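Asks: As a plain string of letters, each chain reads:
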Amino acid sequence: MTYTVHVRVVPRAGILDPQGQAVEHALHALGFGAASKVRIGRAIEMTVAAKNADEAREQARKMCDKLLANPVTEDYEMEIEG
Amino acid sequence: MTLRVAVVRFPGSNCDFDSLHSAQRAGTEAYFVWHRDTDLQQADAVILPGGFSYGDYLRSGAIARFSPIMPAVQKHAAAGGPVLGICNGFQILCEAGMLPGALVRNGRLSFVSRPVTLQVEQTDTAFTNAYEAGALLRMPVAHGDGRFAASAETVRELEANRRVVVRYVSSAGPAKGEDNPNGSINDIAGICNAQGNVVGLMPHPDRAADPALGNVDGMGFFTSVLTWSSVAATR
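Taken in sequence, the protein lines are chains Z and V. When you read off a place in the first sequence, starting at 1, and then add 3, the result is the number in this note's numbering. When you read off a place in the second sequence, starting at 1, and then add 500, the result is the number in this note's numbering.
Everything labelled a hint here was simulated from the structure, so no lab data went into it. Hints may contain errors.
[To be verified] Straight-line Cα separation of at most 25 Å, PhoX-like style, residue types lysine-lysine; simulated pairs:
no., chain 1, residue 1, chain 2, residue 2
1, Z, Lys54, Z, Lys69
2, V, Lys575, Z, Lys65
3, V, Lys575, Z, Lys69
4, Z, Lys54, Z, Lys65
Owing to the predicted nature of the structure, the values given are computational and were not obtained by experimental measurement.
Let's have the full structure, built from the sequences with the hints guiding it.
Replies: This is the structure we're talking about:
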């Protein structure tokens, strides 16, 4: 089986995110005053071969811990489609 | 016997010659090692130079840290061997867990390339023992991801154990405003491990180590290793 894995990596809460701040200012300047707490991260999409969704999730988690996210400054979430 | 210094080249290293030249000017036998090699060729010390290894893809240093040469670098460091990471080299050392914390996007988002003033706070390291404690140095920074970030606990531990090696300052005291080029926590420019044999810094001593450049403030980073106890003892 193959599963599509979507990983979202975001800067950890409490770590200054200057990109998020700059985009928030730009949104406010455009009149979108409703926007706040803007955080900018990255989205990673991949296909993972696995026996089942749990195994795909476990493999993706290992990939995040080892390479895709930096545990010092980032948090991640993932979704599995399959 | 001349001290051997391995300068590791990654795809995207661009300060490899600066580091090689500086180490040679310091009187060491410096040579290049390719990132796909697995052997440091009896190096006494290792330099991870500046640049943009793997195009800074994903995060600066994140891919380089898994290069085939890195297990040898980690083994060398674990045995007390000196390892210096300059700029991208510092980012690689943090990604590899050889130094704590991480280097993230500059606080003002822009790439910063200009001279800064540093104060040497820790001289009991393999790369700063040639300096007087408190010495002020001028040298360039050139980075987009140079803001040192770490958990509050890690920062406390670094400060308590005097592992901040160099700090951004103004010529007249603590850094104000632009004196800290990237928003680094506590104005931290460089740190070391607990043993002082692994040092990483964002500024470029390799670009301030030749009289032809009008500045030799960085030379001590390359001469210090000659007098570092663990290295000197084996000569």
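Asks: Now tell me if each hint is right for this structure.
Replies: Taking the hints in turn, this is what the structure says about them:
| no. | hint | in the structure |
| --- | --- | --- |
| 1 | Z:Lys54 / Z:Lys69 | holds, 21 Å |
| 2 | V:Lys575 / Z:Lys65 | holds, 24 Å |
| 3 | V:Lys575 / Z:Lys69 | holds, 19 Å |
| 4 | Z:Lys54 / Z:Lys65 | holds, 16 Å |
Checked against the numbered hints above, the structure breaks none of them.
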